[in-house]
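Novice: Please construct the entire structure, taking both the sequences and the accompanying hints into account.
Sequence order for the protein chains is A and B.
Just so you know, we're using the numbering used here here: the first sequence kicks off at 1 and counts up by one.
Just so you know, we're using the numbering used here here: the second sequence kicks off at 1 and counts up by one.
Treat the hints loosely; a few may be bogus.
Sample of chain B residues lacking proximity to chain A, with all beta carbon distances greater than 12 Å (derived) [claimed, not checked]:
1) 39
2) 63
3) 76
4) 85
5) 93
For lysine-lysine, the following DSS-like pairs were computed, each having C-alpha atoms within a straight-line distance of at most 25 Å [what the hints assert, rightly or not]:
6) A/56 with A/67
7) B/78 with A/42
8) A/42 with B/24
9) A/42 with B/68
10) A/70 with A/56
11) B/68 with B/78
12) B/78 with B/24
13) A/2 with A/70
14) A/109 with A/2
Derived by calculation from the structure, the hints in this document are not laboratory data.
We put the beta carbon where it would ideally sit given N, CA and C, even for glycine.
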Amino acid sequence: QKEVEQDPGPLSVPEGAIVSLNCTYSNSAFQYFMWYRQYSRKGPELLMYTYSSGNKEDGRFTAQVDKSSKYISLFIRDSQPSDSATYLCAMPQYSGAGSYQLTFGKGTKLSVIP
Amino acid sequence: DAGVIQSPRHEVTEMGQEVTLRCKPISGHNSLFWYRQTMMRGLELLIYFNNNVPIDDSGMPEDRFSAKMPNASFSTLKIQPSEPRDSAVYFCASSLATSLSRDTQYFGPGTRLTVL
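Specialist: This is the structure:
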């Protein structure tokens, strides 16, 4: 079993829809949870991060963590065509010598249709 | 800030040839990561450096792959000899490792490698 599982999609929704993106993980050592967004032919960029269980909001984006189920979600409200991208969940883990290693999900490709 | 710079952006080569990918991290960052991204396997960590020292190269697929970081502002990933299955997008990322687990990695635009 991979440490982080993510449905690759693709996911296609109409503009204005609420989008739900999810990841599951198996390693209980993961304490922080990140969402990266990757536009086509670009590098991933950090969208949101959260530490504790519960919800964290940032504009139209809400990150949700359920540590008891080892399940994280990213919700996008009022989705826009500009949200069309691949969304990757990522979990950092301290790997010694002052460095942190990220374990990524495979990413979910989202298309928001005008 | 220019962000993480990678070169070349595209590379097409023939099987057996040597390929060198280059990365300039963000100034002041002390950790550098090399990733490979494919449709099948997603984003995989190949190797990372902290303060120019390789910390973990367990993700390097074979001895054909090697990476160096001679100074804080430059790193290379070399494949010799290259094979068609090495075709992928290679990303370099850098970060300022802190004591907080929410370490943010900043990615470059990637090098799209095609080995014929």
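Novice: Hints first: check each against the structure and report whether it holds.
Specialist: So, going through the hints one by one against the coordinates:
Separation of residue 39 of chain B from chain A is inadequate, the least Cβ-Cβ distance of about 8 Å not exceeding the 12 Å criterion. Non-interface call for residue 63 of chain B relative to chain A: holds, since the shortest CB-CB distance, roughly 22 Å, exceeds 12 Å. For residue 76 of chain B, the condition that its CB be more than 12 Å from all CB atoms of chain A holds, with the nearest at approximately 18 Å. Distance check on residue 85 of chain B: its Cβ is at least 18 Å (rounded) from any Cβ of chain A, clearing the 12 Å threshold; non-interface status holds.
The Cβ of residue 93 of chain B sits about 7 Å from the closest Cβ of chain A, inside the 12 Å cut-off, so the non-interface label is violated. Among the hinted pairs, residue 56 of chain A with residue 67 of chain A is consistent with the structure: their alpha-carbon atoms are about 14 Å apart, no more than 25 Å. At most 25 Å may separate the alpha-carbon atoms for a hinted pair to count; residue 78 of chain B and residue 42 of chain A meet this at roughly 22 Å. The suggested pairing of residue 42 of chain A with residue 24 of chain B holds, with an alpha-carbon distance near 16 Å, which does not exceed 25 Å.
Our distance criterion of 25 Å between C-alpha atoms is met by residue 42 of chain A and residue 68 of chain B, whose separation comes to about 24 Å. With a CA separation close to 17 Å, the supplied pair residue 70 of chain A and residue 56 of chain A stays within the 25 Å bound. The straight-line distance between the Cα atoms of residue 68 of chain B and residue 78 of chain B is roughly 9 Å, inside the 25 Å bound, and the hint therefore holds. In summary, the hint linking residue 78 of chain B to residue 24 of chain B is supported, as the alpha carbons are separated by about 15 Å, within the 25 Å threshold.
Under the criterion of a C-alpha separation no larger than 25 Å, the hint pairing residue 2 of chain A with residue 70 of chain A is consistent with the structure, at around 13 Å. Between residue 109 of chain A and residue 2 of chain A, the direct Cα distance comes to roughly 19 Å. Compliance with the 25 Å bound is thereby established for this hinted pair.
Figure legend: structure checked against the earlier numbered hints; hints not met, in rising order: 1 and 5.
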